[in-house]
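The listed protein sequences correspond, in order, to chains W and U.
Following our numbering, the numbering of the first sequence begins with 766 at its first residue and continues without gaps.
Following our numbering, the numbering of the second sequence begins with 18 at its first residue and continues without gaps.
Source of the hints: derived by calculation from the structure; they are not laboratory data.
Any given hint could turn out to be false.
Here chain W is said to cover these stretches of chain U; the calculated rule only asks that three of the stretch's residues, wherever they fall, bring their Cβ under 8 Å from a Cβ of chain W [stated by the list, open to error]: (1) 366 to 372; (2) 383 to 393.
From chain U, some residues computed to sit far from chain W (all C-beta separations above 10 Å) [what the hints assert, rightly or not]: (3) Glu34; (4) Gly55; (5) Ala117; (6) Arg261; (7) Arg321; (8) Ser331; (9) Pro362; (10) Met377; (11) Gly439; (12) Arg449; (13) Glu553.
Calculated lysine to aspartate or glutamate pairs in the EDC-like style (CA-CA distance at most 20 Å, straight line) [stated by the list, open to error]: (14) Lys849/W to Glu436/U; (15) Lys484/U to Glu167/U; (16) Lys390/U to Asp1010/W.
Ideal Cβ positions, reconstructed from N, Cα and C, are used throughout, including at glycine.
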Amino acid sequence: MLTFVIIYYVFLIVVCCAAAYYKHRTALLLLFTLLCVSLISGLLGGASVLVNITICVALLAAAAGLSYSFREAMIQILPPEAAKLMRTAPLTAAFGLLVIIAYIIAAVFAPVIAPFGEAEVVGSSFAPPDDVMLLGGDQLGRDLFSRLIYGARNTVGIAVMTTAIAFVVGTLGGLVAASMGGWVDQVLGRIVDTLMAIPQLIFALLLLTIVGTSVLNLTLVIALLYSPLIFRLARAVAGNIVVMDYIEAARLRGESTWYLITKEVLPNITAPLAAEFGLRFCFVFLAISALSFLGLGIQPPTADWGSMVRENATLISFGEVTPLIPAAAIALLTVAVNFVVDWMLHISSGLKE
Amino acid sequence: MADEKSVLLEIKNLKIEGYSDEQWIEIVHGIDLTLHRGEVMGLIGESGAGKSTIGLAAMGFTRDGCRISDGTVLFDGMDLTTATRGERRALRGSRIAYVAQSAAASFNPAHKLIDQHTESSLLHKVNSKNESEADAIELYRRLRLPNPEEIGFRYPHQVSGGQLQRAMTAMAMSCRPDLIIFDEPTTALDVTTQIEVLAAVRDIVDQFNTAALYITHDLAVVAQMADRIKVLLKGDEVEEAETRKMLADPSEDYTKSLWAVRSFQRDQKPPPPANETPLISVKNVSASYGPVKVLDGVSFDIYRGQTVAVVGESGSGKSTTARCITGLLPPTQGEILYDGQVMPPKYQDRTKDQLRQAQMIYQMADTALNPKKSIGEIIGRPLQFYGGLRGADLKKAVDQLLDQIELEPSLYYHRLPSELSGGQKQRVGIARALAAEPSFIICDEVTSALDQLVAEGILRLLDRLQKELNLAYMFITHDLATVRSIADVVVVMKEGKVVEMGPKDEMFQPPHHEYTDLLLSSVPEMDPDWLTNLLEERGVDNIGDAAHQKKT
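In isolation and in its complexed conformation, chain W is listed as follows (with noise of 0.2 Å):
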């Protein structure tokens, strides 16, 4: 151990000056600050502390590696256009874009990936790690493991769909608002205004507890209360594209409100509008797991994110890590698409480094 402590810090103060020769001022802040913390936490916590730090500094070399090789690879194979805007993706959004599609893929061919069945029972309740249950079983003795990639499926699957329905009706409703106006846009904006009035998780239990849960109620019942924000965000952003003469031009040929909103209005808002959807599939995703973590969301025995964290709850008294995987596979996900949002943001806003 003790070797392991001395390579540590003299590493550590190698690399620091080496970076201060060579005049790379992050790597140099970055460097020293993580010698100090390594000093003080080295003389609190001793050894082991040292080698977490390590564990750590470790993953997110990794996980920036990774990201890095991801977007070479992808600048490579992509045809032109889309290479040159992988070009400008920061390492965060390659990251996030990378975890995406791992979720993509698990989603995907769950059952292929999967050693066991969504439902199945295969060891005994809260079973420990071994090689056959790589993550331990649940409180009725299912594979942590399988279910996990089932409840990709079935949080991100209803989550897209979700969002999507709201952003079909909220950008449609906020475009018709905007490009028609007069009494069209008031009785719409009213609605809205009513709908936004109420509190949105106390709304979601009352609706669910009137029509019942199921997936597709839940979908549709949380597009509902969702789809207000998309109204007006789309309403605001197309508000200062439809005073445009273009806009003035494509009326006076007579063109029909269809037309100008899908053709003339909506390519000039999507950039926001992604934006938008990246965030708010977050929120809507955050949702459903609130409402499966109060027992109506998603319905057992379906495997999903939320009700997992739940059903395994009891677990965190003991100090076990349990409940904590199917949060940390919502958090890595909510992170993951806000990287990418960023990026995105980034790339509509023009602003330039």
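Following the hints, complete the assembly by docking chain U onto the known chain W.
Relative to chain W, chain U alone:
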């Protein structure tokens, strides 16, 4: 103070680079400039010549994404390129001031004029608040703003554009700077207002012996203002000379071509036979925005193949008339006849064919073309919509139109509007109007956002198309030079009424209606004595008031 005629600003071998497409590109290639105290130098050139960039560099400032890469800017012996931020800040406002093109965009709408006026003298601790306010009122008086005691306590939106521009000049004078940089201060104003501002600026520069850099693309304006003129082209100096010498005898070909711009003139067409039905007939039209009446009994006729120019100051109802004709604003009274037939007042009620006959070309080509559509799509849509063309036929028709507006189809078909220059965008706007195969086109200030050379090209194109396709134009403009070059009939509007109308040749000969006379005599001429003479003619020195009184 130093010697009256000592060198104030000396720019040597100034090079400026701009960052685009991930590399630095040089946009100003080594400019030398010497300005003495009390001297006014005019910088002229097309857009992209680097006029404004040099103007800003004279304050040691560059826009975002630009940098001074070489050369020195010596202001009163101090090199601004190497000065610290703090040193440059201390100079700005107190010793160098800047007057921007759009005063409306440069004033903070949330503060009163006088508070913004006194800000820099308070900041530089030149005067106390009370002294500054007294001084502001004095300057407002000298710049002949109406009610100088009271006007400063208004907000920017409560005064007119010309007054705002003068208030901005007053603000620039607040610390009695040694140098003022005027960046196109009158470009956005109409002719009668422009005179007020020009006279005021010239007076105040004379009175305080201030040196000035006057940036503009209007030669006639610079001829009135500057002692010396420097001509710029794409970041290079073309030539520099005393104003009179430059006007009388330019040595470079490029300068000669600039001087020649105003030469384009078309003969007036013969009036149509008496029995011909007018193509468009505006009959006694009144219109209002809410309770505000903006048009009051406007009537005029437009015949096939003729150009009717509608002139007047901003707010005179020119564009509103166009909106009534197109049906965007249904008139409260009167009617629009097309070829003898009454048109439905609202565009929504008009048939596809009625809509097709009247097309519009807009002032701002930037907002008139959808930025997300390619040129081919933009021009192709009317062909598709009215003509029902598809596939190869459509492509062929678009190519033909691109040929007509003198843009190479293979190069421009797939481009986006952002990849074109201002003049090219305006051409695309024309092609889109032509694609509908109209008989009548409304041109709303189509050349006012363009440089003279480019505008000239557009006017020639419009003229050629009129001959080829027998089009009728309604030309809305406040630029009388444009009217002179292409109109057949001139309609003068003021406060929503037609003041005078008639064939161009008659309209440009006296006697005129008083207002027409004011408009005509306010168009700057190349003669450097023009402003001085006009000042004397109109009642000695108070031209601003004179112009104002005539208007009201």
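So, going through the hints one by one against the coordinates:
Proximity of the stretch 366 to 372 of chain U to chain W, defined as three or more residues with a beta carbon under 8 Å from a beta carbon of that chain, is established by the 3 residues found. Here's how the stretch 383 to 393 of chain U fares: 7 of its residues keep a CB closer than 8 Å to some CB of chain W, so the rule of at least three is met and the hint holds. In this structure Glu34/U is separated from chain W by more than 10 Å, as the shortest Cβ-Cβ distance comes to about 15 Å. No Cβ of chain W comes within 10 Å of the Cβ of Gly55/U; the nearest lies about 41 Å off, and the non-interface call holds.
Remark: the non-interface label on Ala117/U is consistent with the geometry, its nearest Cβ contact in chain W lying 23 Å away (cut-off 10 Å). Distance check on Arg261/U: its Cβ is at least 43 Å (rounded) from any Cβ of chain W, clearing the 10 Å threshold; non-interface status holds. No beta-carbon of chain W is positioned within 10 Å of the beta-carbon of Arg321/U; the least distance is around 21 Å. The claim that Ser331/U lies off the interface holds: its Cβ sits roughly 17 Å from the closest Cβ of chain W, which is beyond the 10 Å cut-off.
The beta carbon of Pro362/U sits about 14 Å from the closest Cβ of chain W, which is more than 10 Å, so the claim that it is off the interface holds. Distance check on Met377/U: its Cβ comes as close as 7 Å (rounded) to a Cβ of chain W, failing to clear the 10 Å threshold; non-interface status is violated. The claim that Gly439/U lies off the interface holds: its Cβ sits roughly 14 Å from the closest Cβ of chain W, which is beyond the 10 Å cut-off. Separation of Arg449/U from chain W is inadequate, the least Cβ-Cβ distance of about 7 Å not exceeding the 10 Å criterion.
Look at Glu553/U: its CB is around 43 Å from the nearest CB on chain W, clear of 10 Å, so calling it non-interface holds up. Proposed proximity of Lys849/W and Glu436/U is supported: the alpha carbons are some 18 Å apart, at most 20 Å. Under the criterion of a C-alpha separation no larger than 20 Å, the hint pairing Lys484/U with Glu167/U is inconsistent with the structure, at around 55 Å. With a CA separation close to 14 Å, the supplied pair Lys390/U and Asp1010/W stays within the 20 Å bound.
Consistency with the previously given hints fails for numbers 10, 12 and 15, ordered from lowest to highest.
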